[in-house]
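S.K.: Line by line, the protein sequences give chains A and B.
Take the first sequence: its position 111, counted from the start at 1, is 111 in the numbering used here, and no numbers get skipped.
Take the second sequence: its position 241, counted from the start at 1, is 241 in the numbering used here, and no numbers get skipped.
Calculated from the structure, these hints are not laboratory results.
All residues carry an ideal CB built from backbone N, CA and C; glycine is no exception.
Check each hint, because a few of them may be wrong.
[Stated by the list, open to error] Derived list of chain A stretches under chain B, where covered just means 3 residues or more per stretch with a C-beta under 8 Å from a C-beta of chain B:
1) 89–102
2) 106–114
3) 263–270
The lines below spell out each chain.
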Amino acid sequence: MDNTTTPHPALQFFRVVRRLLGVWYAFMLTYRFEIMLWMVATALPLIMMGVWIEAGASGLFPDITAVSVARYFLAVFVVRQVTVVWVIYEFEFQVNSGRLSSNLLTPIDPAWRYITMLLGEQGARLPFFVGVVALALLIYPAALRGEDGSGWWLPSLWQLGWFVVLTYAAFTVRFLIQYTVAMLAFWFERASGFDHLIFLVFLFCSGMLFPLEVLPDGMREVLMLTPFPYLLWFPATMLATGDVELMPGLAILAFWMVLLFVLNRMLWRRGLRHYSAMGA
Amino acid sequence: MSASPADAAPTVIADGLTKHYQVADKKPGLAGTLRHFVKRQHRVIEAVKAVNFTVAPGEIVGFLGPNGAGKTTAIKMLTGLIAPTSGKAEVLGFTPFERKAALLRQLTLVMGNKQQLMWDLPALETFRVNAAIYGVPDDEADRRVKHFAGLLELDKELTQPVRKLSLGQRMKAELIAALLHHPKVLFLDEPTLGLDVNAQTAVRRFLKDYNAQHGASVLLTSHYMADVTALCERVIVIDKGTILYDGTLAGVVERFAPYRQVTLDLEREFTEDELITYGEIEELNGRTVRLLVQRDTLTTTVQRALSDLPVRDLTVSDPPIEEVIGKLFASGRDQQAEELPQEKPEKAAVSP
């Protein structure tokens, strides 16, 4: 290219990511009303909170109280807002319509477009979900004040720091799972069908419907070897109580990240050979 | 064109380039649907069959053929979007399918039926993303956008959402996005598709200007012959995956139209039966008749017409390129494919 300088690759990459984030944020803001609807669609943890506050107050489950489940599900709601991933639908559409072609012809991996798209969406969601959490605390102030004797809900800086790290680790794993399954769009017209199946497992094994403490110990230990508890339960529990086994959890997270990344790149390379750039 | 194509190493090489697709066939109706669900019937389509051609630096080549001829498939292989079944594609010394960043920074693909602009945002936002991706500094990108927009007569349209633009405005904005990084090789697939005459003219002028300024190689497909005649000195004609002709635009007429168009303005009206002996009647409109006359009999036919008919005016011209290409596709294509091995197009002889 003429009249252009070549900046340091890291600076160049940072500039691309910054620009993509800005554009996707602007893009998502054009869908303000839709974002509110999407928020409602992801409010399942708040519904479960209502159900489990009753269960916690009943004394049926010795390990949980109404306040502890309220805090847990509020934390789940926050984690869920950051880990909403729908790359499979976007990717499937792009493969089936041939729209992937224009992304393939630019000198950055298309994955960065999807990652920044999702991060941009998180930015657009932020004011809404902060409002929803504030409203939930207003409706059920016991979660904040700790009327069961547990005291005010004031997570330590250590907890908050790890909560942020684990939440974005959850986002990374969720993205890798869905983006890897999305690669099947190169072979199957509706790869999203596979994700529906995975979402069912996710619902039951991630802590979305119930805190994993209510499961028998043996079952929970097996579950902890899968990626699903790390998508919600692990970061949410870090914020709610801080009572998680951090190092083993990080090791398992790292294992799944590496495995999914390798699988993803393998399917990407093979899939491109199947890509027919339809309609293009 | 600014470069001297004949002397330079080619920027685009297709060497025995071949692509076979496997497609699933489904018969209509419930029975067909159930059969398709249980056991799919596949067949192989030979979209491109061992084609060979090169494009030199600075050259604009028209890539012509009817729908389904294999043009777009060949372009997809040359841009690296799909892998060839066999043969070699090479662009600027790179294998396109490897998608090396160094190559991607130097080529572009514009598809008239596809867009890269973000639909809900102003085109300027896409330009800014592209500037970052291609490492064009912001001030330089602004200068280029201003220059291109001036040539394409765009201004305020660039700050309104793309979805609000007309087709012509959108296509112009697509061109700016595609050329912002000053690519050396342009693949243009129907860039004027659906545009009105003014927009088509503006796009052609813009492409010609870009080619002259940057010495870029261009491979252009278009169903509008005006695009081809305005931009291309050389054309490659492809049909059913096989190249029928590769040479100058003027050569298409020489090779595939061994006849001249004779237009007679007569003093009175004649019937078709009275005029048929002079040549193939293309058009008879009152006292004006347009005839196709074989080149080897042109002189005697004109002499005969002047002596036998009350001629007020007589014009001899080449037939329009659109008609020649149209006839080429419509008549005896299978025969041509057999008779015209692409390596030796000069030996071809085809009746219109």
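S.K.: Taking the hints in turn, state whether each one holds.
M.R.: Consistency of the hints with the structure:
Only residues whose beta carbon comes within less than 8 Å of a beta carbon in chain B count, and the segment 89–102 of chain A has 4; three or more means the coverage holds. Figure legend: the segment 106–114 of chain A, annotated as covered by chain B; annotation consistent (3 residues with Cβ-Cβ distances under 8 Å, at least 3 required). Restraint check on the segment 263–270 of chain A versus chain B: 0 residues with Cβ-Cβ distances below 8 Å, three needed, restraint violated.
Checked against the numbered hints given earlier, this structure breaks only hint 3.
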